[in-house]
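**Q** Read top to bottom, the protein sequences are chains A, B and C. No gaps in the numbering here: position 52 of the first sequence is 52 in my numbering, and each next residue is one more. Numbers given in my numbering equal positions in the second sequence, counted from 1, plus 1000. Numbers given in my numbering equal positions in the third sequence, counted from 1, plus 2000.
Just so you know, not all the hints are guaranteed correct.
Label-pair distances were calculated between CB atoms; the ranges are [what the hints assert, rightly or not]: (1) B:Asp1091 x C:Lys2678: 25 to 35 Å; (2) B:Glu1146 x C:Ser2615: 53 to 63 Å; (3) A:Gly154 x B:Glu1146: 45 to 55 Å; (4) B:Asn1274 x C:Ile2158: 51 to 61 Å.
Everything labelled a hint here was simulated from the structure, so no lab data went into it. Quantities reported herein were computed from a predicted structural model and do not represent experimental measurements. Built from N, CA and C at the ideal position, the CB exists for glycine as well.
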Amino acid sequence: MKIEFYLNNDPHEIEVDPAYRLLDLLREDFGLTSVKEGCGEGECGACIVLMNGLAVNSCLVPCGSILGKHIITLEEFRKTDRYEAIEKGFMDAGAVQCGFCTPGFVMATESLLNQNPDPTDEEIREGLSGNLCRCTGYNLIIKGVKLAMEKGAGLW
Amino acid sequence: MVNAFHPETLSKALEILAENPCTIMAGGTDLMAQKARGFAIRPVFEHPLLFINHIDELKQISLEDNEIHIGACATLSELLESQLIADTFKDVIRQMASPPIRNLATIGGNICNASPAADTLPYLYALDAQVEIQSQTGLRTLPIREFIKAPKTNGLQNNELLTHIVLPNKEFDINFYRKLGQRRGMSLTKASFHGLANVTNGSVTDLCLALGSVAPTIVRCELTEQLLIGQSFINIEEILPTVLNKYSEIIKPIDDARSTAKYRKEVSIRLIKNFLLGLGK
Amino acid sequence: MKENISQSIPRSDAKAKLRGETKYIADIPFDKLLYAKTLRSTKAKAKIRSILLPKIPDGYFVIDQHDVPGKNRMRTVVSDHPIFAQDDVQYIGQPILLVVGEDRETVYNILAQIQVEYEEERPLLTLEEAENSSAVFTDYHYDKGNPCAAFQNAKTLIEDEFATGYQEHVYLEPNGMAAEFKGDTLFVYGSMQCPFYAKGALLETMDLADDKVRVIQTTTGGAFGGKEEFPSLIACQVAVASLKTQKPVMMIYDRMEDILCSTKRHPSKIRYKAALDENQQIVALDIDVLFNAGAYNGLSPVVLQRGIFSVTNVYHIPHLRVHGRNFMTNSVPSGAYRGFGAPQTIFGTEMMLYNIAVKLGIEPLDYKARHLLKRNDPTCTGGRIHDEVKMFEILEKITQMSGYYEKIKHSPKYHGIGASLFLHGCGFTGKGETVINGAIQLTKKNQEVTLKVSSVEMGQGAETVLRKIVAYTLEIQMEQIIFEKTDTGLVPDSGPTVASRTTMIVGGLLQQAALEMKERWHEAESFEVTRRYNHPDFLHWDDQKFHGDAYPVYSWGANVAEIEIDPVTYELTIKNLYGVYDVGVPIDLRSLEGQMQGGIAQGIGWATIEVMETSQGRLIQTNLTNYKIPTAMDVPEMEIEFISNPYEFGPFGAKCAGELPFVGAPPAVAAAVSHALKKPINHLPIRPEKLMEIDNEN
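Using the sequences and the accompanying hints, generate a full structural model.
**A** Dropping the structure here:
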């Protein structure tokens, strides 16, 4: 199947099995390894990317459904001021340990703040409930998001 | 490589379906997880894939003749954003899956999977929702309970597509929804209860009770609801044992990886009892 | 630069991880790479009658027992697990062979066509069955004092029994390994805690000389014990495959495969008999510890040792009879998991004391406090508590922080508060450190110092903490300290990254070396300092009799949990969790806060929602849809504090920290639930299904 889509703001035209997972397309074909496979069933959130600005689990997205869509991975998002604010917030809070879940959390945070720039603690927890972390116990990540909101005030 | 169709319009999609047996791919969140085979390997599908989640006609949410018409490919996130969707329903949706999955998953997909644990179903049963089914030869409408046949079996023919869900535009005085999962965040349902009621002057004027994940399909019993409608709160206390007995007979849960039949049954009865006794409070 | 060591500094690896630049094993490209996938047993116990292979296309290979050049057993404490099944299989998921080739799709297709003919045998499925059949792998006994007399003279005898379930680590990065030969030297790369364990296993299985094997740890996405011994198995498998194919071979598990066949926390059953004197004080305990080791014993003997050496927890019990057994069942092998056997026995002991206190009508925390160990008291194995015990300070702090005494008196029904007291023995059990005899090296070159250890960064912050210890000791900048790649060809064997030993033991050696380097700093532009572990003279251990100092020192702690139970559904909500810890002197508070919070979250998971059971030898929860670990919505707010209690032999006074928080959370939650329902909680995980049952009992 021929597919046209935008990846990290560049247009692409590819020939691909429509059932091929977006996750594999990004990792195997484009070498975008910030996108991680942690479960392959939408449970862990390590493969989260933005599709038309919204967080999605790329392991659950068949390539046949990305026609005309804009996909953004961390490789592109890390060039933004919003990323800088999240990076600073997460660093200062001690939100990073093993790091395998981290790109997914960064992308989920962007999606959350994009939709709701001023979430309550409970809304942050809910907004990140599709991301598993086994190292931190989450509270330090929640703190990281709150620090990012302060540091990046006005960006979202 | 599996064949695929990516029609731009509903009529084109129906035309394709008339000619080919297809696996219908909307949000993909259930299908892709079910078909997952392993690390960095593609899922395999038997039939050609028919992608429909981009079709505009299937994404609209509208109010017509005091009925809400929801396009089958509206995502759960889009339902949460819509002004037309009742808060009662949004409460249900907010407890489904996780935000990234809700950005993909569609209401039509949740229905068509016909899982006993599908979270939109108790509410749709309680409201006597109708589903619109289209094929190239026409449109038919079915009550949701007739559409859901058995676990993983819906009423679609090979050439048909679920296109819309139609709900009465109404809210109830009392809305009580409880979803029980293995944990608070992102869980499949091990049991759920939705109770809706209107009350005036100490009596129940309207009521529906629906239970999820405790039988092959959603449990709702109009006969027993009729018994309760019109009763005063005090009378309800009196007929409670009869009511609970009735539900005890029709709740038929199973043991599985997530919970036990015993708990599912008992917690359902407790939720019904708690709801009915709470009506007057 | 002379700063407070406890003050937090930025983690050296955080930025690259945040930017998504860090490469884990699955992200690393290799030339001409072949992928491997494992064919696994579908039977709990069977003889393999035959294996029927389809026609294997060119460039694709089947790797099995016959390809192993050396020993077909994975080297560990008990080297009993075959690299590839020989004539039989002992659990569902046991590896039989690999299919290897360039295209994953083809590999999967070949795998799907292989037919294994089994002759099924009767498996042992449960711990109960194994006990009834006396299927014992390991059987340990030790006594202290005179338990016979103590039981004879007892005023009151009380019996109790506890059980705990499986736990899967769910490190976010599933297991993965790659191997390649460069000339005649084997290079193995992957996600692991113990590069030298993997190397040791490879030497035996590959039958290679010491200088022909190099193991290189890649960034490890969480481990928690799950990547202690288990990766050795995968390392050997890909190495054998690489030898046969003469190409690099990589094997990455998907989550279901990882859950199916990687090691788990040992399910346990623990039975207590307590003898009380006329003051209701416990004077003697008879304890029977049963662990389900699964199909192979592997590392289980040492897990059981820590379990039975932690069995009196923070309490002084004069007379003891302890019996510990690992049982064989035809199920996935159990192995190392944060806490290493101690969480099971400490849960039992905490709840046993709790239950006795409730029975006697004494406030549980007060009752526990009556039994607390003090400095110079004998330990359960007849060693000594050599250092100051600050449990009373910890108790005072935690009860104040949490309002414990107020709340325990005035909680409404279905609300509960509970406390746990606990310790963790720092570093290896018994003679472990002497046996490993770990070495470290610091190399000075101009103004830079390279730090060489085999202790790995796996998320816990070892890299930052070890660099910090060296930088602060040398009083130079963090940037001047280079953490050498954990490559067995470049670093000395400082031992495995386990047993909460990295900061205290390895960091301690680094500090000694750094002190020497500091003195000699101006001696030369370039020189190196090497240090080897030296067991302190005053510590004695008899490995035959299990007598003496099982651990050099202990870290201590207390937790208080506040919970609420839904009276209709019995769903459990943990509202608040408080922790006060004595880990010596905290090295980097933010890093420790992360360890404590993360450990508590895992402990809460094990105690409440992480249900893993088997049926006919098959795991019922096989993926993350069914096996649930906590999400951000499932963890409570946590309030963590540390008290300072410098340890003479630890770097800057530090003791162990990583496992301690796991141990404390489960009994605190269980005590709170017991308080809410006024019923004993003797089983983990605490499910609503069970709570509904016990609340309805009279």
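**Q** Determine for every hint whether it applies to the structure shown.
**A** Hints and how they fare:
1. B:Asp1091 x C:Lys2678: 25 to 35 Å: Holds, at about 33 Å.
2. B:Glu1146 x C:Ser2615: 53 to 63 Å: 36 Å, violated
3. A:Gly154 x B:Glu1146: 45 to 55 Å: 53 Å, holds
4. B:Asn1274 x C:Ile2158: 51 to 61 Å: 38 Å Cβ-Cβ, so the 51 to 61 Å window is violated.
This entry does not satisfy hints 2 and 4, going by the numbered hints stated previously.
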